[in-house]
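Line by line, the protein sequences are chains F and U.
Those letters in the first sequence? Residues 1 to 248, per full-length UniProt numbering, in order.
Those letters in the second sequence? Residues 1 to 670, per full-length UniProt numbering, in order.
Worth flagging that the hints you see were computed from the coordinates, not collected in a lab.
Even glycine gets a Cβ: it sits at the ideal position worked out from N, Cα and C.
Among the hints, erroneous ones may be present.
[As the list claims (entries may be wrong)] Here are the simulated DSS-like cross-link-like pairs (lysine-lysine), alpha carbons at most 30 Å apart as the crow flies:
hint, chain 1, residue 1, chain 2, residue 2
1, U, K502, U, K391
2, U, K399, F, K148
3, F, K6, U, K31
4, U, K401, F, K148
5, U, K536, U, K411
6, U, K532, F, K148
7, F, K47, U, K401
8, U, K401, F, K92
[Said to hold, decoys possible] Only part of the chain F face toward chain U is listed, based on derived beta-carbon distances under 7 Å:
hint, residue
9, I62
10, G128
11, I194
12, E195
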Amino acid sequence: MNLTLKIWRQKNASDKGSMVDYKVNDISPDMSFLEMLDVLNEQLINKDEEPVAFDHDCREGICGMCSLYINGEAHGPDRGVTTCQLHMRMFKDGDTITIEPFRATAFPVIKDLIVDRTSFDRIQHAGGFISVNTSGNTIDANTIPINKHDADTAFDSATCIGCGACVASCKNSSAMLFVGAKVSQFALLPQGQIEATDRVLNMVKQMDEEGFGNCTNTGACEVECPKGISLENIARMNREYLKASLKG
Amino acid sequence: MALDSKTPKGPIKDKWTDYKNHIDLVNPANKRNIDVIIVGTGLAGGSAAATLAELGYNVKAFCFQDSPRRAHSIAAQGGINAAKNYQGDGDSTYRLFYDTVKGGDYRSREANVYRLAEVSANIIDQCVAQGVPFAREYGGLLDNRSFGGVLVSRTFYAAGQTGQQLLLGAYSAMNRQIGRGKIKMYNRHEMLDIVKVDGKARGIITRNLITGEIERHSAHAVVLGTGGYGNVFFLSTNAMGSNVTAAWKAHKRGAYFANPCYTQIHPTCIPVSGDHQSKLTLMSESLRNDGRIWVPKHMKDVEAIKSGTLKPKELAEEDRDYYLERRYPAFGNLVPRDVASRAAKERCDAGFGVNATGEAVFLDFASAIQRYGKETAHVKGLDENDAVLVKKLGQEVIKNKYGNLFQMYEKIVDQDPYNTPMMIYPAVHYTMGGVWVDYNLMTTVPGLYCIGEANFSDHGANRLGASALMQGLADGYFVLPYTIGDYLSDDIRTGPISTDTKEFAEVEAEVRKNIDHLINNNGSHSVDYFHKKLGKIMWNKVGMSRNVKGLTEAISEIKELRNQFWKDVKVPGTNEEYNEELAKAGRVADFLELGELFAKDALNREESCGGHFREDAVELDGEQKGEAKRDDENFAYVSAWEYKGEPSDAVLHKEQLEFKDIELKQRSYK
């Protein structure tokens, strides 16, 4: 396949940035999207041009490092995959592909397609944990039975990879799906009950301070989430938040 | 320097308890005056950072990713072992210890492995208390499954994402301490060297990957939890950024490197599809519970399948060679990883590989689908002879068990594994070798510790499934916090370590010199060009099957490639910016040195053990003909290499392994 790429180039955080066109030829449909970008970068290096910077690491869809807004969609046109799992067979010979970074006030661009997602970390610092010391002297694991449905639902929430596709896809740049997933995981487990009030209040406060927007129930986040994190997580977080606010 | 493992005296079951009762402790007020640097935030580094901060030390943690949550532990699929004996199937600390030593082909240190088995149960308690959502049964209690090489069900899991859930647990424990200000987290920072003061590790030099700034960081002790070096093969199941740099720099500053040739080649990975390939994807070992591995019996069928004129599922049962079941009737498809990998290579080398490259075998779920389908039909009182119904029911069962893996396969290969067998081939997955450590997990440099996959201690020459996660968390949560305290008790009066000293200045100058060389080299080939070449040499000559000729060639070829690299590598851009090519160049430079030592170690070890298979060390006759032959008389030792300038000058030190609690036997899976 021969393709035209329109890629966002931005030298650093203070640079204005612009779209630049590139051509890549002989792309195999079996390549992953990032392998296609590897080909482009090898080509640029050999021509003494600067390669395109993009985040990536595990390349098997679990670390959450890769991002990219491809043809107007977070992680591109396929469903239930991250960019590293997107394959070139989803495109046709002669296609023009637009590649941009995840855009949000709370995700400033570092360079080219790389954004700073440490705002996600700071939300987790505010309450994304259970305050138990790692001494190993806790009670035996099986003294806390948890019904399978709750355990499985908590697991589903916990599979969020923190990539930020939800924020990038949301017209309000809301992080409610990301935060809701963590709040839900702990809200569904007995271990999480003790700190439930503080957790949701602190995490939501931090989320607001980071400059993420609010949820207006459009549901784009759920559609674009590579891990299928459900909107129910947002509803559950809202219930938790209301409960916590009433408790004061 | 003579190697002293510092293993405590006394019966194996009392060693760790006695040790803990007699070490020096640091009181809470003094802990506040002590700094610890932790490099790497995977299961080992992350859990160590959280625990040490909780104890009161000032922790500085470093990772090259944009968040500690992305460390490659996150990609572990299958599960974590623990001797809980919840199933009442006869498990115990001793059995987990025994299985691990035997699975490692008797090349690990008994006392370390026993301690690992001993603390394993605590890990599960700890993780559940942290809110890790393990799989549960309908009664609400924890579920277990079985893994290769053992006779009990002791593996705890969270679907096919156990590593992710455990890492997020450790990450949450870190977050709590970051929030309290007890951990200072440095994301997107790469450690580029170790600084020693008066012989002790007292700091590191890092590069800020966003700004290129070279920074000095000091502490009273330094801990490396930086993972394995599988990427020396270029293609592996490791993440793209996984590297040996931290461990290798430690080696160059005096830490011995142990058993570099012990590498685990995992039998079930998705085959290479072309030269563009950047990494390989694992299909969990758990699939071998239900999948049957085969290639065609006759060459004409191989040709027909390759050319597309014959569909694999159409080939008659009697024309298939289920070679694992044929060669190893007792264990069949569930032989350990090293054995399964070599058997696949043997068939493909003989020309029976089933894809275009000739490097793939089938992993077939058709009979499992039939079996489960009939069973479900029977339970539901439906017609067991309705082929369409049975297939549908069977596929549903398989989907529940392995759905996420099947989806991954389909996305990568573009074939539906419910209807046609998967194609798989072995790939580099884990490195058992690593930085030599004593019982305290301290390297041969005082004050420098190494934990998790980065050290060598627990898995011998072959790691059992679901044991990597166990070791990472055991080291970080439960072992290091004790052993490092014993060392730091001498430092309560030391006070802060200054970075404004000649020791820091000298190391920083070396780091800068290296970077300047790479940036100003203006060569003609990219970093990947050299990395791919190194990978080819490693895979062809230091891979699954090794011989004297190949290893000798590899040593000189790697040396030559390294010289070329320094002369001819091209790194665009500058140091003072985000520059991934520069970061890669530094990592590949270290792989080019490690690769040579790796081959040298493999050449030295004239026996076959675990993942290390020497063609000149095989059983010549009897029932085990052609199988790996260990040589306990001459090679029951750890090879610990001391750096002396060039990898070829490295000096071998031997730690003799003593087996007092387990009898050495040949592993047989026939």
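Checked hints:
At most 30 Å may separate the alpha-carbon atoms for a hinted pair to count; U:K502 and U:K391 exceed this at roughly 72 Å. Proximity of U:K399 to F:K148 is assessed by CA-CA distance (about 19 Å); at most 30 Å being required, the pair is judged to hold. About 54 Å separates the Cα atoms of F:K6 and U:K31, which puts this hinted pair outside 30 Å; it is violated. Between U:K401 and F:K148, the direct Cα distance comes to roughly 16 Å. Compliance with the 30 Å bound is thereby established for this hinted pair.
For the hint pairing U:K536 with U:K411, the CA-to-CA distance comes to about 26 Å; that is within 30 Å, so the pair holds. The straight-line distance between the Cα atoms of U:K532 and F:K148 is roughly 47 Å, outside the 30 Å bound, and the hint therefore fails. Distance check on the hinted pair: F:K47 and U:K401 sit about 49 Å apart at the alpha-carbon level, beyond 30 Å; violated. About 34 Å separates the Cα atoms of U:K401 and F:K92, which puts this hinted pair outside 30 Å; it is violated.
Against a cut-off of 7 Å between C-beta atoms, the interface hint on F:I62 holds, since the closest Cβ of chain U lies about 5 Å away. Annotation: interface hint on F:G128 holds; nearest CB of chain U at approximately 6 Å, less than 7 Å. Interface hint at F:I194: violated, since its Cβ lies 11 Å from the closest Cβ of chain U, which is beyond the 7 Å cut-off. Interface restraint check for F:E195: the shortest CB-CB distance to chain U comes to about 10 Å, outside 7 Å, so the restraint is violated.
Of the numbered hints stated above, those contradicted by the structure are hints 1, 3, 6, 7, 8, 11 and 12, listed in ascending order.
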